[in-house]
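Given chain A, work out where chain B should sit, using these hints.
So the sequences go chain by chain: A and B. For the first sequence, this note's numbering gives the first residue as 1, with consecutive numbering after it. For the second sequence, this note's numbering gives the first residue as 1, with consecutive numbering after it.
Honestly, the hints are just simulated from the structure, not real lab data. Among the clues, some could well be false.
As the list claims (entries may be wrong) - Anything over 12 Å on all C-beta distances counts as not near chain A; from chain B, calculated: (1) V61; (2) S75; (3) F87; (4) A143; (5) I170; (6) L174; (7) V199; (8) L200; (9) P201; (10) D217; (11) P229; (12) Y231; (13) T238; (14) I249.
Claimed, not checked - These stretches of chain A come out as covered by chain B in the derived footprint (C-beta under 8 Å, 3 or more residues): (15) 55 to 67; (16) 74 to 81; (17) 86 to 93; (18) 111 to 123.
Note that beta-carbon positions come from the ideal geometry of N, C-alpha and C, so glycine has one too.
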Amino acid sequence: MTSSAATSPPMIEVAGLTKSYGSYTAVSDLDFTVQAGSVTGFLGPNGAGKSTTLRMLVGLTPPTSGRCRVLDTDYRLLPNPGRHVGVLLDASAQHSGRTGREVLVIGAMTMGLDIHRADELIEFVGLTQSEARRRVGNYSLGMRQRLGVAHALLGDPSVLILDEPANGLDPAGIHWMRSVLRAFADRGGCVLLSSHLLREIEVIADHLVVIGRGRIVAQGAKADLLATTDTFAHSQDDRVFAEALGNAGFAARPGTDGLLIAASTQDIAQVAAAAGVVLLELRPAGSDQLEDLFLQLTADDARDEVAR
Amino acid sequence: MTASPALTNLPTAALVRPSLTGPAGVPFSRLLRTELRKLTDTRAGKWLVTVIIAVTPVIVVITLFTSKPKSLTYSNLVDLTQTPQEFLLPALGLLAVTTEWSQRTGLVTFTLAPHRGRVLRAKAAAIGVFGLLAIAVAFVTAAIGNLLGEALRHGNGSWAFGFSGFRDLIVVQLGTLAEGFAFGMLLLISSAAIITYYVLPTITAFAVNAIPSLKSDKSWFDLISAQSPLYNHEMTGTAWLQWLVSFTIWVLVPGTFGVLRVLRSEIKSS
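Isolated chain A (complex conformation) (with noise of 0.2 Å):
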């Protein structure tokens, strides 16, 4: 499957992508795709153009530039566009005084489905049938993923775009969810999610596009952008032994509670000798790595949020 997936054409494919408003560039010059059978994760800070570019893959919002398309067509020109991709932005926008199963009739009606289909998709996120017919205003923000996420499997599409599809979830919906959306793009479906929460998209992607302040600063294949042959270094002054190991030729950037460095652990222990600094910690950059990328990729805006 895979084989043959990489040699079709992706089902998404996002070529300069640009939204402007006025003087302020929300997304700038956008450039990725998605392959069947991949569940690619959209990953950035707040306000980085996660959403916004999301919303011009499916037509609600009019790119500046540049182009998007889905399944090689206009998202606008699809026939019946839920059949073909199923679509989450935002599970809390919907009707308050509306049922949840009322939310997913009104969906089969629109997408010219049997009703029986809202059952069975009520019956497959695990929401009651009690539950179902309370309205969504008195749903909790888990409950509303999950029928946000039963919407966007309603018409069976071969492409699902979610955005922040984990947000409210508990552990185990969060598991749920990848088990889900796994079976989904092994069937040959394509998965782009978005997320600003590292957690959720290691767990649940194995492509990653990262975005901040609207450009792409990294994509590829989940192993690939985490294969680094990084050091971590924990010290009693990082401060310090960040100038030591400057000074030594090694270029330290930050990481969590820490240095990233790349070189090996003994170069950076005898750093740490010549220049008596105590150790506290010192390991080959491991779990935490999609964090530190994440963390360094976005340094500027963090930088921002401290600064204001």
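For chain B alone, coordinates are given in the frame of chain A:
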């Protein structure tokens, strides 16, 4: 919440794979059925529709027992049902549009049906169908009231009304419904649209009556004034022209800008 379901039942098998070729979007007939259902499937919608339909028999019954027998005519009974209808029907037209923004359901509606013009046409048709239904209920209920008035209170029972009476009232009711729809499209936010719709024409009507130089010509630009010959069944060529000009100012112009706004605006969640 129940335990997470097993994956094996990813519910897909029964559906036929759809084609990627064919007309874009969702056909009008399906959108119309959906929009008709959306008028009544929320708590607010259900109440509004119930009140619009139920207010007519209530008024007829009250009139039956409070009015002088000699004024119990079909024409009078019909006229009395019109005021609450004219007041409430536009709210239905207005909310049919603004809930998509105020409740943010537009994110789903316009994703499933990206052709926004077709969605607007379906909404207009849905509220038009409901408006005609409400008008029919008023005409029929008034007829029943007239029969009962004659039987129970020896009422006048006159049926004099004429084709033009039906025509004039349908024009008024569908016209104000369209006005609500136009305000909804123009303002998009329920609260803003409702306040503007109910306050602005009233202020205008007050102003044209208070300013002597405007008063004589008010029917040319004040829709409320232009509509009063329709109620009184005394339409003339000039009155139709005045109504048409006022209707253009209050409905067609805001409606045109409203349609453009809906077609061009960005649908966002916040």
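Tested hints:
Distance to chain A confirms V61/B as a non-interface residue, since its nearest Cβ pair spans about 30 Å, more than 12 Å. A cut-off of 12 Å between C-beta atoms confirms that S75/B is not in contact with chain A; the least separation is 39 Å. Listed as outside the interface, F87/B is consistent with that label: its C-beta sits roughly 22 Å from the nearest C-beta of chain A, beyond the 12 Å cut-off. No Cβ of chain A comes within 12 Å of the Cβ of A143/B; the nearest lies about 35 Å off, and the non-interface call holds.
With 12 Å as the threshold on Cβ separation, the claim that I170/B sits away from chain A holds: the shortest Cβ distance comes to roughly 29 Å. Chain A leaves L174/B outside its interface by the beta-carbon criterion, the shortest separation being 26 Å against a cut-off of 12 Å. Separation of V199/B from chain A is adequate, the least Cβ-Cβ distance of about 25 Å exceeding the 12 Å criterion. No Cβ of chain A approaches the Cβ of L200/B within 12 Å, the least distance being about 27 Å, so the stated non-interface status holds.
Separation of P201/B from chain A is adequate, the least Cβ-Cβ distance of about 28 Å exceeding the 12 Å criterion. Distance to chain A confirms D217/B as a non-interface residue, since its nearest Cβ pair spans about 43 Å, more than 12 Å. Interface exclusion of P229/B from chain A stands, the closest Cβ pair being 40 Å apart, more than 12 Å. Residue-level check passed: Y231/B sits 34 Å from the nearest beta carbon of chain A, beyond 12 Å.
With a least beta-carbon separation of about 45 Å from chain A, T238/B lies farther than 12 Å from that chain, consistent with its non-interface assignment. Listed as a non-interface residue, I249/B keeps its Cβ farther than 12 Å from every Cβ of chain A; the least gap is roughly 31 Å. As drawn, the stretch 55 to 67 of chain A meets chain B at 6 residues by the rule of a beta-carbon pair under 8 Å; at three or more, the given contact holds. Proximity of the stretch 74 to 81 of chain A to chain B, defined as three or more residues with a beta carbon under 8 Å from a beta carbon of that chain, is established by the 7 residues found.
Here the stretch 86 to 93 of chain A counts 5 residues with a CB under 8 Å from a CB of chain B, which clears the bar of 3, and the coverage holds. For the stretch 111 to 123 of chain A, the stated coverage by chain B holds: 7 residues have a C-beta nearer than 8 Å to a C-beta of that chain, and at least 3 were required.
Comparing the model with each earlier hint shows no violations; every hint is respected.
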